[in-house]
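K.L.:
Make the full structure from the sequences, and use the hints.
Note that the protein sequences, when read in sequence, are chains A and B. Throughout the first sequence, residue numbering follows the numbering used here, covering 1 to 150 in sequence. Throughout the second sequence, residue numbering follows the numbering used here, covering 1 to 112 in sequence.
One or more of the hints may lead you astray.
To be verified - Lysine to aspartate or glutamate pairs mimicking EDC-like chemistry, simulated, CA-CA at most 20 Å apart:
no.	chain 1	residue 1	chain 2	residue 2
1	B	K35	A	E31
2	A	K59	B	E89
3	A	K4	B	E89
4	B	K60	A	E20
5	B	K56	B	E34
6	A	K11	A	E34
No lab work stands behind these hints: they were computed from the structure.
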Amino acid sequence: MNVKPPRWANKFLQWYCRPELLEEIQGDAYELFERTSKENPRKAKRQFVWNVVRFFRLKNIRKPKSSLTNNTITTAMLHNIFKVAIRHFFRQPAHSLLNVVGLTVSFVAAFLIFLWIMYERSYDQFHEQPDQIYKVLSHVEANGDLTMMM
Amino acid sequence: MKGYYLGELEELVLLTVGVLFPEAYGISVMDEIEKQVGRSLNISAVHSVLTRLEDKGFLKSKMSDPTEERGGRRKRIFLITASGKRAIEEVNEIRNQLYNQIPKVALQFKLA
Numbered sequence: 001m002n003v004k005p006p007r008w009a010n011k012f013l014q015w016y017c018r019p020e021l022l023e024e025i026q027g028d029a030y031e032l033f034e035r036t037s038k039e040n041p042r043k044a045k046r047q048f049v050w051n052v053v054r055f056f057r058l059k060n061i062r063k064p065k066s067s068l069t070n071n072t073i074t075t076a077m078l079h080n081i082f083k084v085a086i087r088h089f090f091r092q093p094a095h096s097l098l099n100v101v102g103l104t105v106s107f108v109a110a111f112l113i114f115l116w117i118m119y120e121r122s123y124d125q126f127h128e129q130p131d132q133i134y135k136v137l138s139h140v141e142a143n144g145d146l147t148m149m150m
Numbered sequence: 001m002k003g004y005y006l007g008e009l010e011e012l013v014l015l016t017v018g019v020l021f022p023e024a025y026g027i028s029v030m031d032e033i034e035k036q037v038g039r040s041l042n043i044s045a046v047h048s049v050l051t052r053l054e055d056k057g058f059l060k061s062k063m064s065d066p067t068e069e070r071g072g073r074r075k076r077i078f079l080i081t082a083s084g085k086r087a088i089e090e091v092n093e094i095r096n097q098l099y100n101q102i103p104k105v106a107l108q109f110k111l112a
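P.N.:
Right, dumping it as structure tokens:
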């Protein structure tokens, strides 16, 4: 048979179709095409294109490679880590609590220091070269008291 | 129906796969249904019903030999499983049961 099915429809089918289903779907479309192209090649081409469109269903479309699957820390590994952590907590609660409390205190301290520094650097920014201006403080003993002079 | 729920088209396709043993694949099922029942279905509809039946466990499939005129591609041949056979039988039985319970009067359409 010299008549071939429309090339772009074929390419479209090969592009979207799941590889494991491509053989049967393409084979059926080709067989129908061969049958009708003997009497009416134009109708056969239209039928082929319509079939390719009708085959464009969710079940037949290929799944894109999911980029959410890790290969450093898999989901199973996470589950295991949590399981072991919970078991350790129930066996030696003091040890676990000490770790947790220590980490909490350090996180809070670091966060508060960060906030203070952000605050200190947020005012007096209207001068021309704020990084180059310094404020001098000196401790002076006057009248028997220790005061600060700027 | 104890889990053997079959839609109307599914039942039709399942019976046709039984009739066409052992050469039941997408196109042959489509042709047979058109020949015997007169319903012209699209090939993708037939494919999706066949896959659904296979997922329900009523059919199993295997790939045939590649020595054909389909450009050397293989076909997926479908066969009925034991579960599929029970499904067909049960649907048939229930339908007959209900039909036999209809009183004759309900089906009489004479001019009174």
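K.L.:
Let me make sure I understand: some of the numbered hints might not hold for this structure. Which ones are they, in numerical order?
P.N.:
Violated hints: 2, 3 and 5; rest satisfied.
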